[in-house]
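Model the placement of chain B on the given structure of chain A, informed by the hints.
Residue numbers (this note's numbering), protein chains in the order written: chain A, 1 to 218; chain B, 1001 to 1208.
Treat the hints with caution; some may be incorrect.
[As the list claims (entries may be wrong)] Below, computed lysine-lysine pairings styled on DSBU-like, alpha-carbon distance capped at 30 Å:
#1 B:K1128 <-> A:K157
#2 A:K15 <-> B:K1079
#3 B:K1102 <-> A:K15
#4 A:K101 <-> A:K178
#5 B:K1050 <-> A:K132
Just so you know, the hints here were simulated from the structure itself, not pulled from any lab data.
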Amino acid sequence: MDGIHDMGGMHGFGKVEPEPDEPVFHAPWEGRTLALNRALGYTGIWTIDQTRYGIEKLPPDVYLTSSYYRKWAVRLENLVVELGLVGADEIRAGHALRPGKTLKRKLTAADVPNTLSRGSFSRPAKSPARFKAGDRVRTKNIHPETHTRLPRYAREKVGVVEAIRGCHVFPDTAALGKGDDPQWLYTVLFDGRELWGETSDPSLKVSIEAFEPYLEPA
Amino acid sequence: MAQDHDDHHEHGSELSEMQLRVRALETVLAEKGYIDPATLDVIIEAYETKVGPHNGARVVAKAWSDPAFKRALLEDGSKAVASLGLINRVGDHLIAVENTPKLHNMIVCTLCSCYPWEVLGLPPVWYKSAPYRSRAVNDPRGVLADFGVTLPAGTDLRVWDSTAETRFIVLPMRPEGTEGWSEEKLASLVTRDCMIGTGLPKNPKEVS
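Isolated chain A, as found in the complex (with noise of 0.2 Å):
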């Protein structure tokens, strides 16, 4: 979708700050909302594409107003209701009114080291990958309503394959649990001057990681 968190090459948002002595958490709410996530994510209810997709829709003035781990707290929310996990009213009243329905499996504290390393993403391959390293490419013009992964700011540029990531989940689809449709991904890497025109640095290459349905030969 054309939302606002497709936000690469725009301006106005100012300088970027770092905070010195940065700690992992801000106040404690944010900690339990990252853990109840984790928690929740253990028990297969949605696919990682789903939960970004759910960021996505927040409204833009929700998403530019909130902070990373807020965005996460409303996020689900909202998911588990869209689930049918949660009554609306309980969420309100703060308290479970209905008993819950049966997930495939519950995390343990046991089970906590295993959760902290990532899944594979990688799935069989349908054909044979259609691009190679070197290959010149021209990403689509495309503006699906739902998620997608091909930033707003490399649509319709040409690019050079330079490396093939294997195939993966394919996160158009996934968001909508769809299943993983797995796809080709490629490293694709554009000259700054395709990407912003005669003002960009000369001397900038960006590359995205290209899922192949995004891509066309040039």
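Just chain B now, with coordinates in the frame of chain A:
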């Protein structure tokens, strides 16, 4: 401790609102039987103590000391890091990118905040912020200036936008004047920011 930050990034009223709101959510989810609150404590403790940029620093220091490991790291980041046995298994898609006198690499996620958690820990607030995500791809030198970093003339810039499940870590250049240093001592030069590409390793004089 966090007062300055909270005043700056979010209002005090939001803080208390969020404490109550997240506590209520946790209560509902626990009563429904979906989560165990004691498990949350273990997760939080792991992120506060076990996962962090000290893991990435060990990887970089090893690559600076051991040419065979460096080759392996650049060939297959996940496999090389897993072989160290220092930390939990990393995800399958870690890619190390090397800085040279002619090329400086910088990592960003313009669409959300993808970051190599296993080697660098949780991302800092600035990495997830609109200023960084918007400017890293079209004004990386300006971003570096915000961090007080100026690259030597003639250094090209390469920005990696983490738009899939591949994750990147920058292998910075080993500082001069560190000949004969142990891996442990080298690791003390490796900052989180130099592994993202918004910083350079510490000056050896700072730690010797």
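Status of the hints after comparison with the structure:
For the proposed pair K1128 of chain B and K157 of chain A, the alpha carbon gap of about 26 Å is at most 30 Å, so the pair holds. With a C-alpha separation of about 37 Å, the suggested pairing of K15 of chain A with K1079 of chain B is violated against the 30 Å cut-off. For the proposed pair K1102 of chain B and K15 of chain A, the alpha carbon gap of about 26 Å is at most 30 Å, so the pair holds. A distance of roughly 21 Å separates the Cα atoms of K101 of chain A and K178 of chain A; the hinted pair therefore holds under the 30 Å criterion.
Between K1050 of chain B and K132 of chain A the CA atoms are separated by roughly 39 Å; this puts the pair beyond 30 Å, and the hint is violated.
Of the numbered hints given earlier, the model fails hints 2, 5; all others are met.
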